[in-house]
Amino acid sequence: MKIRDILKNKKPSVSFEVFPPKKDAAFAPVKAAVARLCKANPSFMSVTYGAGGSANMNTLDIASFIKDECNTTPLAHLTCVMATPDKIKDEAARLTAAGIENILALRGDMPSDATIPPPGHFTHAIDLIKMLRELGDFCIGGACYPECHPECEHLADDIRHIREKVDAGLDFITTQMFFDNDVYYRYLAKLRDAGITIPVIPGIMPVTNKKQLPRITKISEAFLPMRFKAIADRFGDDPDQMLNAGVAYATDQIIDLFANGVNAVHVYTMNQPIVAERIMANLGSIVAK
Numbered sequence: 098m099k100i101r102d103i104l105k106n107k108k109p110s111v112s113f114e115v116f117p118p119k120k121d122a123a124f125a126p127v128k129a130a131v132a133r134l135c136k137a138n139p140s141f142m143s144v145t146y147g148a149g150g151s152a153n154m155n156t157l158d159i160a161s162f163i164k165d166e167c168n169t170t171p172l173a174h175l176t177c178v179m180a181t182p183d184k185i186k187d188e189a190a191r192l193t194a195a196g197i198e199n200i201l202a203l204r205g206d207m208p209s210d211a212t213i214p215p216p217g218h219f220t221h222a223i224d225l226i227k228m229l230r231e232l233g234d235f236c237i238g239g240a241c242y243p244e245c246h247p248e249c250e251h252l253a254d255d256i257r258h259i260r261e262k263v264d265a266g267l268d269f270i271t272t273q274m275f276f277d278n279d280v281y282y283r284y285l286a287k288l289r290d291a292g293i294t295i296p297v298i299p300g301i302m303p304v305t306n307k308k309q310l311p312r313i314t315k316i317s318e319a320f321l322p323m324r325f326k327a328i329a330d331r332f333g334d335d336p337d338q339m340l341n342a343g344v345a346y347a348t349d350q351i352i353d354l355f356a357n358g359v360n361a362v363h364v365y366t367m368n369q370p371i372v373a374e375r376i377m378a379n380l381g382s383i384v385a386k
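Each residue of the sequence shown is one higher than the last, beginning at 98 in the numbering used here.
Each hint can be trusted.
With beta-carbon atoms standing in for the labels, derived distance ranges:
1. Y282 x R257: 15 to 25 Å
2. E261 x D334: 43 to 53 Å
3. H258 x G233: 16 to 26 Å
Keep in mind the hints are simulated off the structure, nothing from the lab. Remember, it's a predicted structure, so these values are computed and weren't measured experimentally. We treat Cβ as the ideally placed atom computed from N, Cα and C, and that holds for glycine.
Whenever a hint applies, use it, and build me the whole structure from the sequences.
Spelled out as structure tokens, the structure:
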């Protein structure tokens, strides 16, 4: 099923994100976690992509497992940086052969041993989006940063780039994590003012381990409200308490989003079924089953 059709559902829904095993790592633990996550009835499951394509086949294998074994709609991430057009064509063909209809088109991170893509390689997500539109009837999603992309100096410029990608063929966009819902509401208003009318799925990261915070702030540069910092300070040294508090904070964010007219929320589960299960239990009949 195409995600653009899932997003037409009027009842609130929740999707999850998982990451495949690293290259040459064991599949069994990840597949067990994915199978358990699917039992929590997400609207779809997205599968991340290895840096520089290092675990691209693992992404396809997990996405196929989600579709064929778990009867859940998969969203396969696909990055293009350092990739040639022929490589992208081959990967799109493999996704099509596996029956994967949904792709999250991303630029991706530059490998640590490279500075710029070689001539003839992809450099921007918009080029990937344009090619995917020519290669098949995919539902294509993209990513956005409600607090501005770290590599873009001005939010207005960042939104202009998003508009260009929408015009190139995006069906929906999913935000990077944020911890203050007002950040999302202000950002959504700016996108609508810019003529971007496609669905904008808010991305929620349940923080259940205080050690996650340095990496989170480094990756997303997300604003951490005092309320969130107080929770981490008070409960961060006790794993059980931090798990409960992190799930409660994420649940509160999701309920507020639903109450304000958002119908789809994406949860960065970090392959932790217990987090997803507790959030879905908290939401109960609020979400579509």
